[in-house]
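Here is what each chain is made of, one letter per residue.
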Amino acid sequence: MRLQLSRSRLIAGLVLAIAAASARPARATNTAEAAVRTTMFDEPSSKNTGVRVYHPQVDVSATVASTLAIAAGYSADVVTGATPATFDAVSAATKFSDTRHLGHVSAGFDRADGGIAFSFAYGTESDYRSTVFSATTHHDLYEHNFTLALAYSHNWDRVCDADNTAAAGQVLYLVALPSSAGCFTNTPGIVTQKLNIDTLEPSLSWTMTPRLVIQGGATIQILDGFQANPYRKVLVGSQGHTPQEHLPNFRQRYALFFRLAYAFPELRASALAMLRGYEDSWAVRAITADVTGTKYIGQFLLVSGRAHWHEQGGASFYRDAEGYRILGPAGQYWTGDRELSPMGNYLFGGKIAFFRRPQQERSSWFVEMELGGKYEFLLYRPQSEFAPNADRKFAHIVQGAFAMRF
Amino acid sequence: MHSQCFSKLLILAALLVGGCSISKWTVKPHQRELLADRIMQLDSDPQERAAEEHVLANREGAIGGTGTSGGGCGCN
Numbered sequence: 048m049r050l051q052l053s054r055s056r057l058i059a060g061l062v063l064a065i066a067a068a069s070a071r072p073a074r075a076t077n078t079a080e081a082a083v084r085t086t087m088f089d090e091p092s093s094k095n096t097g098v099r100v101y102h103p104q105v106d107v108s109a110t111v112a113s114t115l116a117i118a119a120g121y122s123a124d125v126v127t128g129a130t131p132a133t134f135d136a137v138s139a140a141t142k143f144s145d146t147r148h149l150g151h152v153s154a155g156f157d158r159a160d161g162g163i164a165f166s167f168a169y170g171t172e173s174d175y176r177s178t179v180f181s182a183t184t185h186h187d188l189y190e191h192n193f194t195l196a197l198a199y200s201h202n203w204d205r206v207c208d209a210d211n212t213a214a215a216g217q218v219l220y221l222v223a224l225p226s227s228a229g230c231f232t233n234t235p236g237i238v239t240q241k242l243n244i245d246t247l248e249p250s251l252s253w254t255m256t257p258r259l260v261i262q263g264g265a266t267i268q269i270l271d272g273f274q275a276n277p278y279r280k281v282l283v284g285s286q287g288h289t290p291q292e293h294l295p296n297f298r299q300r301y302a303l304f305f306r307l308a309y310a311f312p313e314l315r316a317s318a319l320a321m322l323r324g325y326e327d328s329w330a331v332r333a334i335t336a337d338v339t340g341t342k343y344i345g346q347f348l349l350v351s352g353r354a355h356w357h358e359q360g361g362a363s364f365y366r367d368a369e370g371y372r373i374l375g376p377a378g379q380y381w382t383g384d385r386e387l388s389p390m391g392n393y394l395f396g397g398k399i400a401f402f403r404r405p406q407q408e409r410s411s412w413f414v415e416m417e418l419g420g421k422y423e424f425l426l427y428r429p430q431s432e433f434a435p436n437a438d439r440k441f442a443h444i445v446q447g448a449f450a451m452r453f
Numbered sequence: 024m025h026s027q028c029f030s031k032l033l034i035l036a037a038l039l040v041g042g043c044s045i046s047k048w049t050v051k052p053h054q055r056e057l058l059a060d061r062i063m064q065l066d067s068d069p070q071e072r073a074a075e076e077h078v079l080a081n082r083e084g085a086i087g088g089t090g091t092s093g094g095g096c097g098c099n
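Heads up: the sequence lines are chains A and B, in that order. With the numbering used here applied, the first sequence has no gaps in its numbers, which climb one by one up to 453 at the end. With the numbering used here applied, the second sequence has no gaps in its numbers, which climb one by one up to 99 at the end.
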């Protein structure tokens, strides 16, 4: 699968999210919840079929005796598409399809002024396996006006790769993995690479006024191991070398973020905002802003609009396809990854949710039912026509969700 | 000079650790009606958040900023 590194980061993030949710104080009226959600991500290409991903999610959670929160879930990625043509040495894009499965369980213990939660997740696909453990704790201070939280996760990931011992350290002769056939089966010519990821995220929230909550925090992530796309070839130099993508084995990533939520009671609405600065040891720098406005309409409808902006510089060893071809590599590393290129994107979208809450006096087997739908449009701004994935200018994100709370 | 700085730090620390002084700026439980609403939660739906991160983690070179668990809930 061509997206495995992002997968590992995603799994770590997902596990932190689930663990954080488990550590959050449970609402007295909700003792159990079941939710299903399906997201379709469609990224058309001007040169081939692009990429389409279906991402179903199923989650259940329950609170026992008001203090013990348990949760379990399953999600999958069904990916079909074609590799971007620009950076692959092959002139025609190659079609691929893969399915990833991810399961997770978590348990949390809550007190009146704090809580702790632990989570475990396992993800598998034809060429990537991920085992993640995470722990999250939070503690309320000064009459619940401050919340100090800390989340940590560790990934033990395994990546399928071509056996490049024959290259004997000559990185220009690294060969790419042709397909995922034979991965994790001791097949000659195929090896398993390790990748360990540690993620730490402290944050402090402050309830400033009856209308305003702010939060500041940091994210620190250290990756140690194989981080390249084993399938990707990059054309480097005028002599026509097409080695496998080659990235450093070690990466340190840091982010500082600030978030707020502000209520507009006269409008029955709220605004959520996030601002993030990011830097890493590969010299990628980024700034990201996200704003969401949400409003009740009547008793049963909730509508929201979202805008997201991201701008980043490229990694120190990044060049676009023409740069690598004409100038050669910038040092001993090369990449065809859009995430490591100087680029930006905009995201705009909206969401609508319908709620059904039976009256208290009536006998009902559920507390709340929620049915929602979302559409978002993601617009990419690559720096040049030779940048990775420059043939993919935009993407559509469509989502449907259904939840029952008991 | 040093003693002046130390005195200021001491006063600041006393203000910070003194619950009485902080209470001037704290939000009382009866003032948390708006904050307890779902639309005021920084991380109201972990499943939706995971799906959002799933999309953007694959398409941006940065991480973080999603927080862990935030304050503002009046549940307690």
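Be a bit skeptical, because a hint or two may be false.
Claimed, not checked - Here are the simulated SDA-like pairs of lysine to any residue, each with C-alpha atoms no more than 25 Å apart in a straight line:
(1) B:Lys-51 / A:Arg-258
(2) B:Lys-51 / A:Lys-241
(3) A:Lys-241 / A:Leu-219
(4) B:Lys-51 / A:Ala-336
(5) A:Lys-440 / A:Lys-342
(6) A:Lys-398 / B:Asp-66
(7) A:Lys-241 / A:Ala-215
(8) A:Lys-440 / A:Arg-332
(9) A:Lys-398 / B:Lys-51
(10) B:Lys-51 / A:Lys-440
(11) A:Lys-342 / A:Ala-320
(12) A:Lys-94 / A:Lys-142
What the hints contain is simulated information worked out from the structure, not anything from laboratory work.
(message) For each hint given before, does the structure comply? Return the numbers of the non-compliant ones in rising order.
(response) Hint check: 2, 4, 5, 9, 10 fail, others pass.
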